[in-house]
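Novice: Line order of the protein sequences matches chains S and D.
Just so you know, the first sequence maps onto residues 1 to 477 in UniProt numbering.
Just so you know, the second sequence maps onto residues 1 to 100 in UniProt numbering.
No lab work stands behind these hints, which were simulated from the structure alone.
Zero decoy hints are in this set.
Sample of chain S residues at the chain D side, in silico, Cβ under 7 Å:
1) Pro47
2) Arg52
3) Pro108
4) Pro140
5) Gly141
6) Ala150
7) Leu156
8) Pro159
9) Ala182
10) Asp242
11) Cys423
12) Arg426
13) Ile427
Where is the CB? At the ideal position from N, CA and C, for every residue including glycine.
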Amino acid sequence: MTDRPRLAVIGAGPAGLAATVAAAAHGVRVTLIDAAAQAGAQFYRQPAAALRAGRPQALHHDWRTWQRLREALDAHVRAGAVEHLTDHHVWLVERESGRFTVHALLGPEEEDAVAVSADAVVLATGGYEKVLPFPGWTLPGVVTAGGAQAMLKGALVVPGRTAVVAGTGPLLLPVAVGLAAAGVKVAALVESAAPRAFLRRTRALAAQPGKVAEGAGYAARLLRHRVRTLARHTVIEAHGIDRLEAVTVAALDGEGGVRAGTERRIPCDTLAVGHGMLPHTDLAETLGCRLDGLRVHVDGEQRTDVPGVWAAGEATGIGGSALALTEGHIAGRSAAVRLTGGTPDPQEWVAAAKSRTRLGEFAAALDAVYAPPANWSEQVTDDTVVCRCEEVTAGTVREAVAQLGAGDLRTVKLLTRAGMGWCQGRICAPGVVGLAGCELTASRRPFARPVPLGVLAEEHSQSTTRAHTHPTDGGPS
Amino acid sequence: MSSPLDLAGARPGPAFTVTFDGRDIEALPGQTVAAALWAAGITSWRTTRGEGRPRGVFCGIGVCFDCLVTVNDRPGQRACLLPLQPGDAIRTQEGTGHDD
Ligand SMILES: Cc1cc2nc3c(=O)[nH]c(=O)nc-3n(C[C@H](O)[C@H](O)[C@H](O)COP(=O)(O)OP(=O)(O)OC[C@H]3O[C@@H](n4cnc5c(N)ncnc54)[C@H](O)[C@@H]3O)c2cc1C
Ligand code: FES
Chain S
1 MTDRPRLAVI
11 GAGPAGLAAT
21 VAAAAHGVRV
31 TLIDAAAQAG
41 AQFYRQPAAA
51 LRAGRPQALH
61 HDWRTWQRLR
71 EALDAHVRAG
81 AVEHLTDHHV
91 WLVERESGRF
101 TVHALLGPEE
111 EDAVAVSADA
121 VVLATGGYEK
131 VLPFPGWTLP
141 GVVTAGGAQA
151 MLKGALVVPG
161 RTAVVAGTGP
171 LLLPVAVGLA
181 AAGVKVAALV
191 ESAAPRAFLR
201 RTRALAAQPG
211 KVAEGAGYAA
221 RLLRHRVRTL
231 ARHTVIEAHG
241 IDRLEAVTVA
251 ALDGEGGVRA
261 GTERRIPCDT
271 LAVGHGMLPH
281 TDLAETLGCR
291 LDGLRVHVDG
301 EQRTDVPGVW
311 AAGEATGIGG
321 SALALTEGHI
331 AGRSAAVRLT
341 GGTPDPQEWV
351 AAAKSRTRLG
361 EFAAALDAVY
371 APPANWSEQV
381 TDDTVVCRCE
391 EVTAGTVREA
401 VAQLGAGDLR
411 TVKLLTRAGM
421 GWCQGRICAP
431 GVVGLAGCEL
441 TASRRPFARP
451 VPLGVLAEEH
461 SQSTTRAHTH
471 PTDGGPS
Chain D
1 MSSPLDLAGA
11 RPGPAFTVTF
21 DGRDIEALPG
31 QTVAAALWAA
41 GITSWRTTRG
51 EGRPRGVFCG
61 IGVCFDCLVT
71 VNDRPGQRAC
81 LLPLQPGDAI
91 RTQEGTGHDD
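Please put together the full structure from these sequences, using the hints given.
Specialist: So this is what it looks like as structure tokens:
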């Protein structure tokens, strides 16, 4: 059995699970690698096992699909076709003489290293949230919309009693519904997109009746929980001293600016905010895969332009879990055939390819509708911290642009330190480019998410080496 | 009023005690540091290096590093990822978490 080819799938979300199950069913051995303690990733995030949730589906949508994936995964693991490596944070994938070495660090501490070899890889690394800055966004109590959802689904906790859910994008609906169902008073759902914009996209929406029904279902549940939706509105400021106490929201005008006189204050202890998603492309970038803008470029078989490397799910473009599933399925099928020396016949997955096309069009329609207010940066005062790690303010970024002539993210970073902190610019980059008036480009980080903290910290301060060189210092394991 | 634990029908094992800046708080088996602190009504456990501003969870998934915390004298751990063990001593992390 050892000479059967081995496929490494990185990411155990919808895309990675679908790829794993499809490839294993077609005769290759799979090593499924994910940073989390359990399969599921974002959309299918499961409560920690020790919480012994008897009804996790209460927090979920499309539970059936998850059950099918979970059962198939378990069966392949039992049969020895799939090895599932949990708590493995991949920081680099190397390609040498046509074979791959996946380098990972173990556990939340990320100290002990392991290497996994494979004949091919599927990158199913998903994405993370984009949040644009506004005054007060660094206050405790302000969390990303997905973060609130992840803490709810994974740890069964909520950040407070009264929440405002704000920003833009399809994620805000399940987040508001989830918080309300979990007993949080959702004072408002503040969405900068306009309902009218949806009507202009009716063709792509009508082609996805299931997806439209899903949206309607959320709307009905919002109504039931008495959550009011403020469309064409935005949060202009979060207030509080050491903790969030209220937000000010305002209506938007036709140009995406704030309509004067419409400001109102909503008391809350939680703001769950997000402005869309960005793909995780670091592993693909270090492998030398071509990107289309910010996403990994793939062909009809989900192959990147680097031989032996497939990519699927939100790493190849933000499109939601259903699209991630079909892409993962196709990637797994294609990889299985090619790894066993064959040439795949796309007819074999024609149904999946069709739904991929439809879901892709649907995602593009949503993407065109959900947009942050065009003039969001007008609300960002000079003293607003933009880079949360390095505490670089909007004023400093503006000065670098206006007085020092910085015209791209890299130069702004060198001049201001924005993006040089622990998160390596993942969080601040969209805000910085918006303020600087330049394009968001792939950042070419030397190591993928999550970078070993010790390695990063060492670059910043010699003093932090202690944490890294004395792993037995007493941290829980 | 429903709670997330009720909603998901959770039946965790008995709670155990950990400390936050010396004071006892309860944690459930399976909870991360951030989860137990949120459940205890605590939303910040770090102050920034520059301005000394309070921070806690932001992204919730290990990407932003805003939730850094000191646990059992080890600074720089992501509270949103780290599971708790009985007796763990959680401390607010000031700056890098090192006394300098
Ligand atoms: C915090 C958050 C919460 C979300 N919640 C919802 C929701 O409730 N409803 C909804 O419809 N959509 C939600 N989304 C959107 C979600 O991204 C998609 O719906 C869907 O999960 C995408 O599937 P995927 O397989 O492409 O990626 P993901 O589900 O994101 O899976 C990617 C997996 O890869 C892992 N990974 C990435 N890089 C590495 C690495 N270097 N080493 C090891 N593992 C790695 C990640 O930890 C993750 O487990 C959420 C997104 C985020 C960021
Ligand atoms: S909250 Fe972002 S890393 Fe923990």
